[in-house]
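Engineer: Protein chains in written order, with full-length UniProt numbering: chain A, 1 to 754; chain B, 1 to 332; chain C, 1 to 202.
Because the hints were derived from the structure by calculation, they are not lab data.
A few of these clues could be false.
Quick list of the computed label-pair ranges, beta carbon to beta carbon [stated by the list, open to error]:
(1) B:R328 - A:D140: 50 to 58 Å
(2) B:D252 - A:H135: 41 to 49 Å
(3) B:I221 - C:D168: 46 to 54 Å
In silico DSS-like pairs for lysine-lysine, Cα to Cα no more than 27 Å straight-line [stated by the list, open to error]:
(4) B:K38 - A:K673
(5) A:K624 - A:K739
(6) A:K624 - B:K281
(7) B:K326 - A:K624
(8) A:K255 - A:K78
All residues carry an ideal CB built from backbone N, CA and C; glycine is no exception.
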Amino acid sequence: MAQTINTEVTRTDARRKVTGTATYAADETPSGMLHGALVCSAIAVGQVTAIDTSAAESEPGVVAVFTHETLPDYKTVKGFYAGGPGSSSFWPMEGTDIRYAGQPVAYVVAETAAAARRGADLVNVTYQEADGSIHMDPEDSFVVGAGEDSEGMVLTKGDLQAGLDEAAQTVDMTFTTPFQHHNPMEMFSATAEWRGDRLTVWMPSQSVRTLRHGIAGAYGLPETSVRVISPFVGGAFGSKAGITPYAMLTIAAAKGVGAPVRLIVTRPQMYTVATFRPESRQQFRLGADAQGRLTAFEHVEIAQTPQFGEIVNPGTHITRAMYACPNIHTEQRLARSDTNSGGFMRAPNEMQTFFGLESAMDELAWKLGMDPVELRRVNDTMTHPTEDVPFSSRSLMESYDAVSNSFGWDQRGREIGSMTDGDWLVGYGCATATYPTNILASNARVRAQGTGNAYVELAAHDVGTGTYTIMAQIAAARLGLPVEAVDVVMGEADLPVAPISGGSTTAASAGSAVHDACVKIAQQLATQISGMSEGPLSGVDPSRITLDDGTLRGPDGQSQSVMEALQMIPEGEIEVVGTFRHPALTDQLIKATFSGGYGTAGPVTPEFAMFAFGAEMVEVRIHKYTHEIRVPRIHSAFAAGTWLNRKTAHSQLMGGMIWGISSALHEVTETDKPRSRFLNANIAEYLVPVNADIREVRVEMLEEQDDYVNPLGVKGIGEIGIVGTAAAIGNAIYHATGKRLTALPMTISDVLST
Amino acid sequence: MKRFAYSRPTSVSDASDDAAEDGTQIIAGGTTMVDLMKIGVLEPEALVDITGLRDLERYEVGADRMRFGALAKMSTVADDPAVIDAFPALSDSLWKAASPQLRNVATLGGNILQRTRCPYFRDTAYAQCNKRNPGSGCAALDGGETGMHAIFGGSDACVAMYPGDFAQALVAFDAEVTTRGPGGTRSIPFADLHVLPGDDPHIETVLEPGEIVTEIALPMIPAMRNSFYMKARNRESYAFAAASAAVGIEMDGDTVRDVRIALGGVAATPWRATAAEESLKGGPLTEETAREAGRIAFQDAEPLEGSAYKIELGADVVAGALMTAKSRMGGE
Amino acid sequence: MPKTPPDLRRPGVSRRGFLQGSSVVAGSLGIAAGAAQAQDSMPSAEARTITMNVNGKVRSLSVEPRTTLVEALRDTLGMTGTKIGCNQGQCGACTVLLNGMRVNSCLTLAVMAEGAEVVTVEGLADPNGDLHPMQAAFAENDAFQCGYCTPGQIMSAIACIDEGHAGDEAEIREYMSGNLCRCGAYPNIVAAIVQVRDSQQG
């Protein structure tokens, strides 16, 4: 049996993806389907005073034009950050209120997509406009929650001022990060078909069960009456988790016209009808003694939130886990502005906060005259700095050592501006990455057949992460099958409960449920075959039979393969539901997940703090004449427990690092301040890297064993790749130029005169 | 997209007649036209597809003149060894623009007539745009974001930037365009094709209704052979210029005999930097004189709040383009 | 208000016909005949029948002048392998080969592709199911994650080699820059192209 875990396995869905037969939501066309189009508001704040739909209704092919006054049976749900399934807690088209630019104000249904869009162009909306501001005022911020110390939003340990006073060197720096949009390549879409009281929704989703639970609840339907289908998702990165207004509008419109309706949200509309990464300010004060040991650590994060909700992705909870320090103060603050709800976008706080933290650490290293890697080494800790529990595993310095070796860190020039190559200034930079290991409850159904097959079914998702493949690998490894003998069905709400695909949790949580199902199959098999009159394990105490990847082993060396054992039992197959219930999961958290929510435990439990760690090193080049900033090399090393699939894991980590380059050098949602609009709402002027931007990317995947996090020993890897990159690049720019850049993205105009 | 009538004439005169009708636009590669129609910026009643005029795809690199039919594709010309050899900046200005897919359909004639990327022009949600809706005002100048706007040639009515690359190679090297309109054929110096926004930014060229660009021609001059197009952008490819420069040099020993400089990413129209050229003629080309030429090129710039960085960047790009062109002369 | 009362707009024959039925006529119409037909018609915004060779089959289909090639492929012909990522010529997800050249099918009017040869991702594998070498190389090199940009990447990659722009990795990167991949599979895409290029040369 070839090894199936911790090896390189080609994606099981690769053939479908390279032949164009992988079906994304908008590829489904129910019979008689019509096309929807959104009309979005031209103003940011105010009221709709009139909507003239006559021209749109006269347009050939237009079937219906719905406004807040005419859309029948439109339902809304509570927002995610208020404990509901919605992408926002403010719902458009319930009335005349306009709370953000680009808010849906009308919905056109037509026979073709072109006719629907043209109809949308012809809807004439009149507004009464009020003043607004798209940017937060950081000076007008507040702490989330009622109490001084709600859920650790403000945390004080030791005496910060004393720590600063005793420090040999201090840094006091403020960083800013911009609005960013996920921009998955697949445009948002929703297709809704009603048949009587039964509803089917095709929609790319990171949580089909959140959708079904929320939609069924909103319409007062049993969940069995609602199907949500999302077998393939063309990238999500946090943008496709909640129930969006455009989905509920489409469901209502389909009911209104009595025919299935598909809406494809336009690329510009994608900037306003769903979530985004809120802008932020990161304030750091660090102090260290002459040896570099931190004496003071302060981080105040101020993140943007809309007028109507409190979007908090607490970054200070993660930064304060990073380095040993006796005196710590952190505050998690929000400031409001006139936008739709932000949300979670890949490493939802870690991208911003680690740009700040790791840039500040670099500045501290220069002030101390220390190698920045050594500064991390002296502050490494095996105990969580504020929670007083050990890390379940922490391979930070192993990561630094591996990446230093791979990158050639010892070749780094000691002085600023000391490295050049032709017309290019060269700089090296490094930074730490971490990501919490979040824990969610999950189930999975596995049916193993003695004919040499297995079926795995669960309501998880493959958003490009390789989930189809790793679920098959886990079952294949445990049952002793080739990967291609395992069929995996996911992306439907009817399947056994699996969590939201977010927070780097699916492999760890849902994968552990698949693992558990296989163990249960082995236990049932052991009971059955030990009671049989013949066979190698006949008469063996079943409690002493263990599963050893495809083989059942007795205490005295007797063994039989799982497949042979399955052939012996009369059914020839066993089907079970496996579960993952980590001890840290409370009943309340399990209930949350099972009702479509995000019932996450961790990263800190009463016993351990659970994080993945890594280190990144980059070479940056800045051109003497064009001042273009390029990254010819980026290396990293990560330790994240067990690697399930070295091929897809490498792709995820590499993709995360490329996202980091993107955040560092490219991505910003620009704004028009007078009219409070996102300005570059397209994918030409909202820059993301093209192929030519990405050169040498190297990822070291370190071995690490962690028996506490889950039975597979898996930590999540979907997000950690992005975390250290922006700071590593900023630090390399400093090394090349002596310019300390504190705002993302870092662009040509920031490095002039160098 | 608004519904429109479509025709595909097979002669230039038919095309010109069709295109002269009110509400009619010409389409060739369509990469600008279809884009702007989709976002509602252009709403023609009729499109005249001129891609049937196959004669206009021809081009030649002659001893005295380069002639490009208006329908020659960007990719074809960019990749032609004769073009690369005779006039590298022209090839550079083509392949450093857009993407391979766009260059495969975009024509040279369409390229020179491409429209601004000003976000206020491209989003009909903004009521103010004098270019899109004459007399409505300018959202960019009304407190808007101006980091991507013109620092040369703007007016109180419009500061939109001309986004093209190819045009810089043309304007620096005395190109001419030939047109065919209802009134017949005429020749227009490329430098006169585009007009400054002034009070009427919706008028971008001197072309009359129905007038079709049929050919772009350049006289062969020695500075072409030692030419380079440098383009600074925040993304390595598939991005508009933050600043760019098309340059060419002809040396007489250590002395500059002829030099051509045009600036991209900074002006309302294709923009030749004549004063910078003059500063170099008759003298040596060194890092110092190249940088001085860059400074001179931008001495009359009128930056807006967000675009001041383009002065320093643009000057450096001019210097870099000149020094690169010089270094590439090598042993020739 | 709905223009027509909902109860009268049940999925019906007329709409089904418009969307799925009469517009697709699998036929053996010659390309030249189709071209002549289009030229004879007067300028009009109404739908007209055009003929294209799609993946080796001559297809006649009804399109409006404003119908883009990608809409014709996906909505009229039901060939959903070609994806729409921006609908503005900015991402390359809709890349197909038009008369052998890679183009963004979202910026191509279907009427302008009258008589053309179109190759999409569905036309690459052998009829017996063997993958095109570029498809196999993408699978082997994990040259995608979500897979949404992949059909366009593969069409573009094939053209990149055919155009002679796969000389070295730097050239491949530059000439694959019209295809955005948000998952960040670029290095693996380059590796896949290098593999196919080398196997073709070898």
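Engineer: All hints, please: hold or fail.
Structural biologist: Status of each hint after checking the structure:
no., hint, verdict
1, B:R328 - A:D140: 50 to 58 Å, "56 Å, holds"
2, B:D252 - A:H135: 41 to 49 Å, "56 Å, violated"
3, B:I221 - C:D168: 46 to 54 Å, "33 Å, violated"
4, B:K38 - A:K673, "26 Å, holds"
5, A:K624 - A:K739, "15 Å, holds"
6, A:K624 - B:K281, "24 Å, holds"
7, B:K326 - A:K624, "16 Å, holds"
8, A:K255 - A:K78, "21 Å, holds"
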